[in-house]
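Assemble the complex: chain V is given as a structure, and chain X must be docked to it using the hints.
Protein chains in written order, with numbering that gives the first Met the number 0: chain V, 0 to 475; chain X, 0 to 81.
If you're looking for bench data, these hints aren't it; they were derived computationally from the structure.
Fair warning: this is a prediction, and the values are worked out from it, not measured in the lab.
Even glycine gets a Cβ: it sits at the ideal position worked out from N, Cα and C.
One or more hints might be untrue.
Stated by the list, open to error - Now the in silico label distances, taken between C-beta atoms and shown as ranges:
no., chain 1, residue 1, chain 2, residue 2, range
1, X, R64, V, D396, 35 to 43 Å
2, V, S272, X, R15, 25 to 33 Å
3, X, R64, V, T251, 36 to 44 Å
Spelled out, the chains give:
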Amino acid sequence: MSGAGEHPELAELSMLEAAAAVAAREVSPLELVEACLERIEAHDDSLRAFISVYAEQAREVARAAEAMAGAGHLIGPLHGVPIALKDNIAVEGLATTAGSKILADWLPEEDATVTARLRGAGAIVLGKTNMHEFAWGGTTANPHYGVARNPWRSDRFPAGSSGGSGIAVASRMSYAALGTDTGGSIRLPSAVNGIVGIRPTIGRVSNHGVIPLAWSMDTVGPMARTVADCAAMFAIVAGHDPRDSGSAQVPTVDYSRDLDRGASGLRIGVVPSYFFEHLQPAVHDAVREAIATLEGLGAQVVEVEIEHIEGNISAQLTIESCEPSTYHQGWLRERPEDYGEDVRILLEMGELHLATHYLQAQRYRALLREQFLDAFRSVDAFVCPTLPFTATAVGADTVEIEAGEEEDMLSAIMQFTGVSSLTGLPALAVPCGFDADGLPIGMQAIGRPFDEATLFRLGAAFQAVTDFHRRRPELS
Amino acid sequence: MNDDPNRAAEMSGETRLDAEAVRTLAVAADLPLEPPRAADLAERLTLWLAAANELSAKMSAPEHRQRAPIASFTHPEPEVLE
Numbered sequence: 000m001s002g003a004g005e006h007p008e009l010a011e012l013s014m015l016e017a018a019a020a021v022a023a024r025e026v027s028p029l030e031l032v033e034a035c036l037e038r039i040e041a042h043d044d045s046l047r048a049f050i051s052v053y054a055e056q057a058r059e060v061a062r063a064a065e066a067m068a069g070a071g072h073l074i075g076p077l078h079g080v081p082i083a084l085k086d087n088i089a090v091e092g093l094a095t096t097a098g099s100k101i102l103a104d105w106l107p108e109e110d111a112t113v114t115a116r117l118r119g120a121g122a123i124v125l126g127k128t129n130m131h132e133f134a135w136g137g138t139t140a141n142p143h144y145g146v147a148r149n150p151w152r153s154d155r156f157p158a159g160s161s162g163g164s165g166i167a168v169a170s171r172m173s174y175a176a177l178g179t180d181t182g183g184s185i186r187l188p189s190a191v192n193g194i195v196g197i198r199p200t201i202g203r204v205s206n207h208g209v210i211p212l213a214w215s216m217d218t219v220g221p222m223a224r225t226v227a228d229c230a231a232m233f234a235i236v237a238g239h240d241p242r243d244s245g246s247a248q249v250p251t252v253d254y255s256r257d258l259d260r261g262a263s264g265l266r267i268g269v270v271p272s273y274f275f276e277h278l279q280p281a282v283h284d285a286v287r288e289a290i291a292t293l294e295g296l297g298a299q300v301v302e303v304e305i306e307h308i309e310g311n312i313s314a315q316l317t318i319e320s321c322e323p324s325t326y327h328q329g330w331l332r333e334r335p336e337d338y339g340e341d342v343r344i345l346l347e348m349g350e351l352h353l354a355t356h357y358l359q360a361q362r363y364r365a366l367l368r369e370q371f372l373d374a375f376r377s378v379d380a381f382v383c384p385t386l387p388f389t390a391t392a393v394g395a396d397t398v399e400i401e402a403g404e405e406e407d408m409l410s411a412i413m414q415f416t417g418v419s420s421l422t423g424l425p426a427l428a429v430p431c432g433f434d435a436d437g438l439p440i441g442m443q444a445i446g447r448p449f450d451e452a453t454l455f456r457l458g459a460a461f462q463a464v465t466d467f468h469r470r471r472p473e474l475s
Numbered sequence: 000m001n002d003d004p005n006r007a008a009e010m011s012g013e014t015r016l017d018a019e020a021v022r023t024l025a026v027a028a029d030l031p032l033e034p035p036r037a038a039d040l041a042e043r044l045t046l047w048l049a050a051a052n053e054l055s056a057k058m059s060a061p062e063h064r065q066r067a068p069i070a071s072f073t074h075p076e077p078e079v080l081e
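One chain only, chain V, in its complex shape (with noise of 0.2 Å):
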């Protein structure tokens, strides 16, 4: 048995060219998840991608997995596989901290639906990935576990509130992660980290045993670093679950059936006059030209207006903010003092909205949704930008769009991923150019309701031709 120092190179491999070694005996799970470790030792010190590595147990397990495979028995299409946890998804007797204080002791007494299936696919976990605290906030700067810093360039965060899991597959520390998205969660880390994740639709994946934000927009969903990989993820952990209420009783499919189907007759919507409107140009060149290469692989674009898109960022904020509020007015009001003082500010704001502030924000849940669903009987797919602009610096609270114009952080990150969050719509972010700094650029796909398949089938088709998510960080 060899560990990464010998080989290096399994650190490169996609997490589907993993699984497929460990099942033909070219690799050993241990391989593996020395590799991986390997990469952590090196690097995360650093970047602050994990809060809990179970180095230890990893190896046990990948041990185990090694003896069976030679056995002849592979548990699942993961097997052996190492894969990284966002910190707010319970695993069985290990600290789930959610990125807080609050929940530093906390020891889950059963996995969450995710990891347990994961687990019985075969995967390894890592352990469990850095987050914005309580995942109220889109920076990953944690007061608590470390500033988490982006892979492309140190001085640029990684975005949030799954900072740590697109780091550590952006960086090779892990072949795939889960994040959670209720604001942006997933789509925006992974596009300033150069992956690829999706925002299921809601109900779609099961969030029993995941901490909350906001219950009524969270989900759960992988991130890696091709959409083969993250169709095949998803595949897993997809599906109806009973002890979730939300959960949607709806059939999954081959979430990997059209990967290799293209792009042509594909419709794609586009908005014009809102996300393709104050945003940085180079964002706004690498999106357009993305499209252009769909349109040049037989796509038709088809620009849309939506009336009433103005409102979705006011909602999102009323509803991000009310939701957490009410899960949280018992901490906040017994250990305040254990917060950071960006989410305690955020979780008082919340405490001080109206109900009518909230559920007029809901009623315009149904607005929009019905707005967007009209919209696709003429399309099948939006693409637009993941986010506005490019990692901004390490700790900033505000961000610069247009020259000489700072804007509050949390409001400008949300600008394009609010929408699919408002209306349970699916949406992919994929990798597609960099701007002049070689900071990475995502385009984000949002599809109908329970239809990622045509979104995986778009990013797949896009990633057939292009070789943006082929590239990877220099760490020293």
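Just chain X now, with coordinates in the frame of chain V:
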């Protein structure tokens, strides 16, 4: 309508909260909030509530009167999955 709280304040000049008003809201919520914290919250809360009030005005229009709040999808929309 401009719902971005970064820019909404210019359009909703009547919504202005000072520290005292924030403290009053906190009392209603039974939320302990020292005066310095109330002052810290006032500016940002003003922006957010201005945007929220704009959205409330929009949703109070007669054309939306029959619209009920929703929170989740639990099934596909048959007409779009045909």
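We went through each hint and held it up to the structure:
1. X/R64 x V/D396: 35 to 43 Å: With Cβ atoms ~39 Å apart, the hint holds.
2. V/S272 x X/R15: 25 to 33 Å: Holds: the Cβ-Cβ distance is about 31 Å, inside 25 to 33 Å.
3. X/R64 x V/T251: 36 to 44 Å: holds (38 Å)
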